[in-house]
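Engineer: Each chain, written out:
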Amino acid sequence: MDNAIFSELESESIEIIREVAATAAKPVMLYSIGKDSSVMLRLAQKAFYPGPIPFPLMHIDTGWKFREMISFRDRTAKQIGFQLVTYTNPRGAAEDIGPITHGSAYHTDVMKTEALKQALDLHGFDVAFGGARRDEEKSRAKERIFSFRAPGHRWEPKAQRPELWNLYNTRINAGETIRVFPLSNWTEADIWQYIRQENIPIVPLYFAAKRPVVKRFGQWILVDDNRLPLESGETPEIRMVRFRTLGCYPLTAAIESTAMTLDEIVAETLGATTSERQGRIIDHDGAGSMERKKQEGYF
Amino acid sequence: MDTLRFITCGSVDDGKSTLIGRLLYESKLIFEDQLEALKADSKKFGTQGEHLDFALLVDGLQAEREQGITIDVAYRFFATPRRRFIVADTPGHEQYTRNMATGASTAEAAVLLIDARKGVLTQTKRHSRIVSMLGICHVALAVNKMDLVGWSQLVFDEIELAYRRFAEDLSFDTITAMPLSALEGHNIVEPGHADMPWYQGPALIQWLETIPTVDRDRARPFTMPVQWVNRPNLDFRGFSGRIASGSTRPGDSVRISPSGVATRIKEIVVLSGPNTEASAGHSVTLVLEDEVDASRGDVIADATHPVESADQFEADLFWMSEHALLPGRRYAALIQTKSASVVITHIKHHIDINTGAHLAAKTLALNEIATVNVSFDRLVPFAPYLENKRLGAFIVIDKLTNETVGAGIIHFALRRSVNVHWQALEVTKAARAEMKHQRARCLWFTGFSGSGKSTIANLLEKRLHMEDKHTYILDGDNVRHGLNRDLGFTEADRVENIRRVAEVARLLVDAGLIVVVAFISPYRAERQFARNLFEPGEFIEVFVDTPLEECERRDVKGLYAKARRGELKNFTGIDSAYEPPESAEIHLRTTGLAPETCVDEIVQVLRFEESIRSRT
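Chains as they are written, first to last, in the working numbering: chain H, 1 to 299; chain G, 1 to 616.
Errors might be hidden in some of the hints.
Said to hold, decoys possible - Straight-line distance between alpha carbons at most 25 Å, and here's what the computed DMTMM-like set of lysine to aspartate or glutamate pairs gives:
1) 46/H to 2/G
2) 117/H to 277/G
3) 469/G to 126/H
4) 399/G to 263/H
5) 26/H to 600/G
6) 117/H to 156/H
7) 158/H to 252/G
8) 125/G to 316/G
9) 266/G to 277/G
10) 462/G to 596/G
11) 469/G to 176/H
12) 215/H to 32/G
13) 436/G to 176/H
14) 117/H to 468/G
15) 46/H to 252/G
16) 26/H to 461/G
17) 26/H to 225/H
18) 26/H to 322/G
No lab work stands behind these hints: they were computed from the structure.
Using the sequences and the hints, build the whole thing.
Structural biologist: Spelled out as structure tokens, the structure:
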């Protein structure tokens, strides 16, 4: 893959990011600490260089992120010097809602979707960047780059605004918000090759290492710490694993891999026979589940 | 390796989604878990019997899968060893044509599907006209479902001939007709098939791999619309944007439009260090030699080919709203990075989708195309769309709903800036209010002295101001310092006081403002008089209901004490009557309520009425 493609993808993303900065009243960039967020962060740096990123980054902390993700987040914020806002749903924290005790659907609903809506309302953010890509999932492939949310953050997939050329209509009425996806036209392979080309720091969990895991529903779940109660007869075994995608633990499964360098990860990605979201338990809740979650305000 | 963006289009059920599913499948881009899901979905929703229903790979919305149709454009990605592709699968239903235009606007080629059994349909023609209008040069006429017409060469030839005849007045460079079966996979990857020995042309993939993507933009003179002025500190001032055409290097002479100021490029700044050259498609930040003035919406261009500016154009317009285009009405517009207000001053002709005939028209309905004259409220740097897409395309936005309602391409400027004959436009109250993006209102606050009218009114105004509403407060005390300084507090003077204020409020509402009147206004008759000056729904009476005891307890200005001592005559509530409203639109029982909560209540009522109005 040559630089011309990156120049094209990169330039399109930078244009989108600048357009928001130029037109939004109070934008925010959602930062999930994953590989896509890391690329989006680099693009934001490029968009405004030599100035700083003119909006804060926000992390919705479900309380169930891998420990390495949180330390990576804080290190990155310090290094780059962006303004970091974090938010956890206070109700969820008070009731100790977790994926194991309450199930993945409820946990995601309260700690991600609900929390995101609360945080956007609390700070009055009118435009929020997300790192979603169209190649990830069928309903994402249908979404505009500038995706409008009715009051209450609802997505109405049947009533999306036309989006012609690079002319993004950013006008909204009171109570409406926009989700903006600068990485819409990137593929998983593009993301990895760009990380390699630009030498972008990413969470070490993406690289294969020997880690303690247990097998559940045919997938490898990392035993990150004692938040994961072991079932009777279950003993963690040590395997060479890595993550293709990082979400909430234990809702994201690891894959067996020996890819310890970016070159090896790129090679593995190009030869992959399953999609990256296979490791996301949330997508398997039923056909159309992502669309439903998005309608309710999930990113 | 370059990237080709293309669309699939055509009428309903011509097999667009199936074709894309087939392309993804054949280029080994369907992952195992996705194939498993497809098998399950094909059983549940499939329309192909025992076969895999490839359309389900692309129709990602629940409503689409249930109805077996495509509603919105889906973007998919695949690659062959020769090229990368971004394909937009667009819906065929006429109702969703605007979503098809969304996909087509960024495409360089179009695969136009035709059902071999049905031939060239109205929707085939509509899509062709839009594809042509948007400047797509290469079209593959994919005659699909050949399996259902017995692989007949005669059928194929007739369709090709009919289409070429129709497309004579369209502006395509090439039309390549090819027979195929997306369902069976014939002539998709491997050229030809034993069933069609008469066909010697390319397979679809070969066509996609080989059509030229001439980089016209790069060969043209340098232009870059300013998107963002980068000024992080006093020492740096850069102009950020995406280069629309040509290329530039440090030292190049440039001219800024519309100001016409000339300077040179000092530096091309990117994160990895200064660049020696940047060209069309690149997002860059330019530092200029001189301290010149340029802002978002201006265009920096090669000094020997400066970009023209004008405010009136002939353009083609594609209408995308259920509400018809109204000439003379003010819409918002976005052209490159410049926001403006526009009026379609004249519909020259509406274009008949079937025949291409030019028809007279007073308005433009959903999915119609017309050639129009459009007038911007400011000078706009531009280029004809066919020369420079980025400088010649604009969108039209409804100012009230903020919906994108039109897509336009500029043909040329109407050189009438010198000798301007403005269209005689009716400037009405509604037009003035619409320009302010609001509905003009009079919010009439009534209540005892000290009830909190001014406090709430001031908070309300701040809130509305933050929402970009244009407001004005008429406050009892302030008006008495000027306009009504000659009036006292007798009953007659109070009546005159209210009359004047009501008339002023009416003038301000006529100017399109949201006027907040905060007056004790104790008498029903005068409030009724004020109400009668306004149109139904315009006048909102707000009863600030604070009990007299509470007002007297607060006595912020010490007036109640004075009145009790007999130093103030005719004081409302003490020795002058207050007639509470019987049916105020908003009744604020303020006891125990924070002023902010009162404001919330008022704002809610305003929003509610707004939402009702936008639905009618």
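Engineer: All the hints need checking, so say for each whether the structure fits it.
Structural biologist: Cross-check of the supplied hints:
A distance of roughly 23 Å separates the Cα atoms of residue 46/H and residue 2/G; the hinted pair therefore holds under the 25 Å criterion. For the suggested pair residue 117/H and residue 277/G, the alpha carbons sit about 44 Å apart, so the restraint of at most 25 Å is broken. This hinted pair checks out: residue 469/G and residue 126/H have alpha carbons roughly 17 Å apart, not beyond 25 Å. Simply put, residue 399/G and residue 263/H have alpha-carbon atoms about 51 Å apart, too far for the 25 Å limit, and the pair is violated.
With a C-alpha separation of about 21 Å, the suggested pair residue 26/H and residue 600/G falls inside the 25 Å cut-off, and the hint holds. For the given pair, residue 117/H sits about 16 Å from residue 156/H by alpha-carbon distance, which is consistent with the 25 Å threshold. A distance of roughly 48 Å separates the Cα atoms of residue 158/H and residue 252/G; the hinted pair therefore is violated under the 25 Å criterion. Distance hint between residue 125/G and residue 316/G is fulfilled; the C-alpha atoms sit about 17 Å from each other, no more than 25 Å.
Between residue 266/G and residue 277/G, the direct Cα distance comes to roughly 12 Å. Compliance with the 25 Å bound is thereby established for this hinted pair. Our distance criterion of 25 Å between C-alpha atoms is met by residue 462/G and residue 596/G, whose separation comes to about 11 Å. Taken as a hint, the residue 469/G and residue 176/H pair is honoured in the structure, with Cα atoms around 16 Å apart against an allowance of 25 Å. The suggested pairing of residue 215/H with residue 32/G holds, with an alpha-carbon distance near 20 Å, which does not exceed 25 Å.
For the hint pairing residue 436/G with residue 176/H, the CA-to-CA distance comes to about 18 Å; that is within 25 Å, so the pair holds. Simply put, residue 117/H and residue 468/G have alpha-carbon atoms about 23 Å apart, close enough for the 25 Å limit, and the pair holds. Annotation: proposed proximity of residue 46/H to residue 252/G holds, straight-line Cα distance about 23 Å (limit 25 Å). Our distance criterion of 25 Å between C-alpha atoms is met by residue 26/H and residue 461/G, whose separation comes to about 21 Å.
For the hint linking residue 26/H to residue 225/H, the alpha-carbon distance of about 37 Å lies beyond 25 Å, and the restraint is violated. About 31 Å separates the Cα atoms of residue 26/H and residue 322/G, which puts this hinted pair outside 25 Å; it is violated.
Hints 2, 4, 7, 17, 18 from the list above are not met by this structure, while the remaining hints are.
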